[in-house]
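A.B. asks: Turn these sequences into a full structure, and let the hints guide you.
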Amino acid sequence: MTGNKLSGGAKGTIKTHITHLPSFGTVATVTISRPDKLNALNSHLLVALPTTLLHITDTNANLLAIVLTGEGSKAFVGGADIAEMSALSSPAEARAFITRVHEACQSIRDCPVPVIARVNGIALGAGLEIVASCDIRIASSTAVLGMPEVRMGVPSVVEAALLPGLIGWGRTRQLLLLGDTISANEALQWGLVEKVVEPDTIDQAITKWVGSLEHNGPESVKNQKLLMRKWEQLGIDAAIEAGIDHFGRAFESPFRAEAGATTPEPEPVRMMGDFLRRQAEKRINKL
200 MTGNKLSGGA KGTIKTHITH LPSFGTVATV TISRPDKLNA LNSHLLVALP TTLLHITDTN
260 ANLLAIVLTG EGSKAFVGGA DIAEMSALSS PAEARAFITR VHEACQSIRD CPVPVIARVN
320 GIALGAGLEI VASCDIRIAS STAVLGMPEV RMGVPSVVEA ALLPGLIGWG RTRQLLLLGD
380 TISANEALQW GLVEKVVEPD TIDQAITKWV GSLEHNGPES VKNQKLLMRK WEQLGIDAAI
440 EAGIDHFGRA FESPFRAEAG ATTPEPEPVR MMGDFLRRQA EKRINKL
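Position 7 of the sequence shown, counted from 1, bears residue number 206 in the working numbering, the numbering being contiguous throughout.
In case anyone wonders, no lab produced these hints; they're calculated from the structure.
Hints may be right or wrong, so weigh each one.
[What the hints assert, rightly or not] Straight-line distance between alpha carbons at most 27 Å, and here's what the computed DSS-like set of lysine-lysine pairs gives:
{"#": "1", "residue 1": "LYS394", "residue 2": "LYS421"}
{"#": "2", "residue 1": "LYS214", "residue 2": "LYS273"}
{"#": "3", "residue 1": "LYS210", "residue 2": "LYS236"}
{"#": "4", "residue 1": "LYS273", "residue 2": "LYS407"}
{"#": "5", "residue 1": "LYS407", "residue 2": "LYS421"}
{"#": "6", "residue 1": "LYS214", "residue 2": "LYS424"}
{"#": "7", "residue 1": "LYS214", "residue 2": "LYS394"}
{"#": "8", "residue 1": "LYS424", "residue 2": "LYS407"}
{"#": "9", "residue 1": "LYS481", "residue 2": "LYS394"}
{"#": "10", "residue 1": "LYS394", "residue 2": "LYS273"}
{"#": "11", "residue 1": "LYS421", "residue 2": "LYS214"}
{"#": "12", "residue 1": "LYS214", "residue 2": "LYS407"}
{"#": "13", "residue 1": "LYS429", "residue 2": "LYS394"}
{"#": "14", "residue 1": "LYS407", "residue 2": "LYS394"}
{"#": "15", "residue 1": "LYS273", "residue 2": "LYS236"}
{"#": "16", "residue 1": "LYS214", "residue 2": "LYS236"}
{"#": "17", "residue 1": "LYS394", "residue 2": "LYS424"}
C.D. replies: Structure follows, in structure tokens:
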């Protein structure tokens, strides 16, 4: 079963497509749609994206992941809307606009389930910040990535701060100070994306990733994402302590009952019990 919802209008649209997986759970595909402008982010789209993501997570109890992409084959997100930025008339207006960029990126990072970036084409400036805000990234071999803000007279800011953690300071300086672009394969070598595939196989590769998530404990995946967010901001000792707390949380959180379940139990108890039963059955079958 699938479903489609739209959010937006003439200034661009956020499209939502919900897929119900065969065994358990749903996956939402969110498409930033403004193809005549390379899906460039204006204020309308920057406000609509967080609202859409929040609605998806609030209304899909068994959501396993969100796939974020751009409309068409040319662009993921070509950047922030240059026409809108060129009309900013004061430092206050500039700060308000870039805050909306940050809030859009933050909504991805705050999403409780993994967000997969489906980088189907150009990802520049704010588009690359959206990519960096996602949990895992797959790119078409035709994708081009970069941070060309200095060529427009402004620095790269907000979630550009995530880049050193992904690609290191040297490569971050190369991207931000030179304003050059890199190919998808170079982005893969740098660690900016996790996988590069041909354009006609990108959805197959995403389906494989989603299949892995489908076999994992949904609550443990959420727990892991939240913990990794903390790791980004903690020293090693505090990060280890946070991990101990989250391990305990796994046993405190009740497993959401699936169809046919009568007694909800902590997810690790259920999953480890299933694993041990399968192992016992294998031993019996060998006798």
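A.B. asks: Check each numbered hint from earlier against the structure, then list the numbers of those it violates in ascending order.
C.D. replies: Failing hint: just 9.
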